[in-house]
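4 protein chains.
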Amino acid sequence: MFSSADQNRALELLEAIHFFSVKNWSPATSTNYSVRSTQPGKFIISRSGVDKSRFAYEDLILIDGAGQVDPAFAAPGVKSSAETDIHTALYRLYPEVECVLHTHSVAGTVLSMTPERELRFTGLEILKGLEGNATHELTEVLPIVPNSQDMGEILSALDGRLAGAHGFLIKGHGLYTWGKDIASAKRHIETYEFLFECELKLRS
Amino acid sequence: MFSSADQNRALELLEAIHFFSVKNWSPATSTNYSVRSTQPGKFIISRSGVDKSRFAYEDLILIDGAGQVDPAFAAPGVKSSAETDIHTALYRLYPEVECVLHTHSVAGTVLSMTPERELRFTGLEILKGLEGNATHELTEVLPIVPNSQDMGEILSALDGRLAGAHGFLIKGHGLYTWGKDIASAKRHIETYEFLFECELKLRS
Amino acid sequence: MFSSADQNRALELLEAIHFFSVKNWSPATSTNYSVRSTQPGKFIISRSGVDKSRFAYEDLILIDGAGQVDPAFAAPGVKSSAETDIHTALYRLYPEVECVLHTHSVAGTVLSMTPERELRFTGLEILKGLEGNATHELTEVLPIVPNSQDMGEILSALDGRLAGAHGFLIKGHGLYTWGKDIASAKRHIETYEFLFECELKLRS
Amino acid sequence: MFSSADQNRALELLEAIHFFSVKNWSPATSTNYSVRSTQPGKFIISRSGVDKSRFAYEDLILIDGAGQVDPAFAAPGVKSSAETDIHTALYRLYPEVECVLHTHSVAGTVLSMTPERELRFTGLEILKGLEGNATHELTEVLPIVPNSQDMGEILSALDGRLAGAHGFLIKGHGLYTWGKDIASAKRHIETYEFLFECELKLRS
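Residue numbers (this note's numbering), protein chains in the order written: chain A, 32 to 235; chain B, 32 to 235; chain C, 32 to 235; chain D, 32 to 235.
The hints are simulated quantities; they were obtained by calculation from the structure and are not laboratory data.
Accuracy of the hints is not assured; some may be wrong.
[What the hints assert, rightly or not] Result set (DSBU-like, lysine-lysine): computed pairs, CA atoms no more than 30 Å apart in a straight line:
no. : chain 1 : residue 1 : chain 2 : residue 2
1   : D       : K54       : A       : K232
2   : D       : K54       : D       : K232
3   : D       : K73       : C       : K54
4   : B       : K159      : C       : K232
[Claimed, not checked] Sample of chain D residues with no beta-carbon within 10 Å of chain A, all distances over it, derived:
no. : residue
5   : G98
6   : Q99
7   : L150
8   : R151
9   : G191
10  : K202
Backbone N, C-alpha and C fix where the C-beta goes; we use that ideal spot for every residue, glycine too.
With the hints as extra help, turn the sequences into a complete structure.
Set out below in structure tokens:
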């Protein structure tokens with residue numbers, strides 16, 4: 032049902048979703064994913080409540096910037112992700128961003144429970160995986176915000192904390208990151224998940 | 032040999048069994064799985080003694096509520112799981128439950144050896160993976176009961192301890208959980224196994 | 032080149048070898064595997080020096096009880112495993128044993144470095160995976176012997192230490208176990224590797 | 032575009048690259064790999080910036096000893112790896128070496144952050160996976176050098192430190208190793224990564 036121009040994006044997003052599932056970064060029905068549609072103001076997003084190990088092309092739907100499901104994709108039980116508002120807010124904040132991804136790994140969840148307000152990573156080559164980083168000799172800050180079932184509260188908690196960040200952690204919940212295209216956003220996920228696994232081992 | 036109405040259930044259960052095997056949650060011949068048959072009072076269950084990495088459609092059999100193998104499935108060496116009584120007891124206790132699953136992971140086994148009588152999980156988004164939980168702001172209690180080769184003893188130990196629980200751990204043995212359909216029960220397994228891995232890392 | 036009666040055994044052994052490789056229990060060219068041939072006094076065994084992630088049917092060869100490669104399998108560079116003497120000694124010791132398997136996992140290697148002379152496992156349901164164990168309420172002893180490049184030394188060190196054991200660890204080197212058929216021996220490998228992972232986490 | 036003599040090498044290298052990706056040793060666009068071409072003074076190498084989980088035959092290119100991309104492989108955006116100079120320097124240093132591999136695992140990264148100037152491994156059977164080692168009774172030294180975005184600095188830091196070594200670690204960055212052919216170099220990667228995982232667990 033996607034336009035032929037959107038089909039390629041949907042398929043590339045689907046491949047990333049399968050990759051994350053195999054890596055154990057999307058247990059059960061957790062996590063959600065989106066990419067801008069070629070139609071301005073529209074987004075391709077994972078629908079709510081799907082087992083990510085069985086996620087299929089048909090589980091991607093088209094929404095507008097208010098999170099409304101496009102009539103062509105409306106069907107009984109089809110809802111956009113409960114966290115749609117975070118995706119659309121990030122697209123408004125970052126016009127150059129084409130893709131927003133949210134994973135939910137054991138390592139990210141465990142690290143997010145630290146009493147600190149942010150994670151700081153420094154001196155690791157993998158930091159070059161984050162857009163614009165040309166060296167390992169820098170400190171990357173990943174903000175941690177409290178979890179809430181009210182997306183507005185999460186967005187308020189992010190206020191003023193995203194400057195210079197490539198993503199954020201929601202406490203006990205997981206990682207959001209984004210990129211100028213699907214490949215960049217996927218690279219950010221892999222980079223952060225690698226950093227999380229290193230950090231967990233370095234702390235223990 | 033299943034009725035055509037039962038074939039779909041058996042195939043969906045088989046897919047979940049393969050998923051758990053790939054995740055390393057069913058070493059060797061451990062673990063067992065069942066789903067209600069479309070025939071009232073009958074159950075589709077994994078037969079005893081099968082290597083779960085080679086488990087096949089033919090290893091699912093039909094039993095009645097007393098654990099007797101349906102004559103159509105009887106063959107030399109075909110027995111229902113040694114833990115069949117736990118499955119049938121749970122179906123009697125929960126008429127709305129359609130599927131009972133038992134995994135045996137390293138993380139679950141290790142945590143079950145705690146001297147505490149139960150595990151308590153709180154504040155994690157993944158808790159919403161358990162049926163009826165609409166928020167992370169709750170405490171989920173997972174009872175731990177002593178292991179026994181006598182299923183009656185395990186069932187007695189569960190007496191009065193399942194109120195509000197979505198599953199239980201048998202000490203040194205693994206996890207039981209259930210759901211209103213196969214998808215729900217599988218989601219519960221993934222949720223608990225994720226919680227176990229987080230908890231193990233948070234404790235170390 | 033195997034007799035048709037031997038082909039099934041070779042293929043079943045090959046499937047187990049691939050399973051162990053995927054589990055990360057046979058890094059690089061480590062580990063070796065054998066099964067009795069249907070010809071008395073002959074054995075099907077993995078040849079030496081093969082990358083286990085690329086191990087193929089053609090890498091299984093026929094040897095006699097002295098470790099000599101059957102002429103039909105002799106070719107330049109084809110040697111039986113350096114540890115062939117351990118396999119043939121175990122077959123002499125246990126006439127009822129049909130299959131000998133040796134894996135080399137991280138968990139087994141790390142645990143084998145303990146200063147203790149043996150590992151003891153108790154109270155875990157998975158112990159029933161070892162032949163003849165009908166309950167978790169027992170203590171299973173796994174001897175650890177010093178490593179040597181001289182198989183005679185390893186065999187001497189085992190003298191008098193295998194009574195009641197289902198396998199042994201060579202220090203810094205890995206696990207040997209066996210069974211009445213390939214399925215039993217594979218179940219023993221999975222049981223021990225599960226025990227190793229539990230034990231490592233219980234110790235930390 | 033490779034000569035038919037080079038195609039087999041490229042395909043074997045590709046298989047190793049896929050193997051490392053599945054093992055989680057090449058997150059995102061990290062890592063690089065090369066093998067000598069059958070044309071003297073030429074090398075087949077992974078091009079820069081490719082997601083290693085999607086690495087394809089077309090991502091292998093031909094370069095000369097100065098790191099210049101062969102005109103037949105030049106296309107917009109095609110660059111040799113940023114670390115090409117390390118590969119070509121190793122080929123100059125070791126005329127018998129046919130293959131140079133660089134992985135970037137969590138375990139290697141974490142261990143490389145030790146304040147020590149080198150890792151020492153001793154007494155483990157897996158050490159025989161490193162070319163020329165006939166026993167576990169030796170000590171293998173793996174130098175650690177500081178990371179830099181200037182390959183010349185890394186090469187200078189290696190000066191005089193490679194005697195007797197089969198590889199080296201760059202701090203916070205990962206492992207380089209090599210071999211007389213692709214199979215040997217791959218075996219070295221697997222050997223070191225196994226050693227890293229053992230060492231991490233032995234230290235904790």
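Results for each hint:
Distance restraint check for K54 (chain D) and K232 (chain A): the Cα-Cα separation of roughly 18 Å lies within the 30 Å cut-off, and the hinted pair is therefore satisfied. For the hint linking K54 (chain D) to K232 (chain D), the alpha-carbon distance of about 18 Å falls within 30 Å, and the restraint holds. The straight-line distance between the Cα atoms of K73 (chain D) and K54 (chain C) is roughly 37 Å, outside the 30 Å bound, and the hint therefore fails. As the CA atoms of K159 (chain B) and K232 (chain C) are separated by approximately 27 Å, the hinted pair is consistent with the 30 Å bound.
In this structure G98 (chain D) is separated from chain A by more than 10 Å, as the shortest Cβ-Cβ distance comes to about 19 Å. No beta-carbon of chain A comes within 10 Å of the beta-carbon of Q99 (chain D); the shortest separation is about 23 Å. The Cβ of L150 (chain D) sits about 15 Å from the closest Cβ of chain A, beyond the 10 Å cut-off, so the non-interface label holds. For R151 (chain D), the condition that its CB be more than 10 Å from all CB atoms of chain A holds, with the nearest at approximately 20 Å.
G191 (chain D), annotated as away from the interface, keeps every beta carbon of chain A farther than 10 Å; the closest lies near 24 Å. The claim that K202 (chain D) lies off the interface is violated: its Cβ sits roughly 8 Å from the closest Cβ of chain A, which falls inside the 10 Å cut-off.
Hint check: violations occur at hints 3 and 10; the rest are consistent with the structure.
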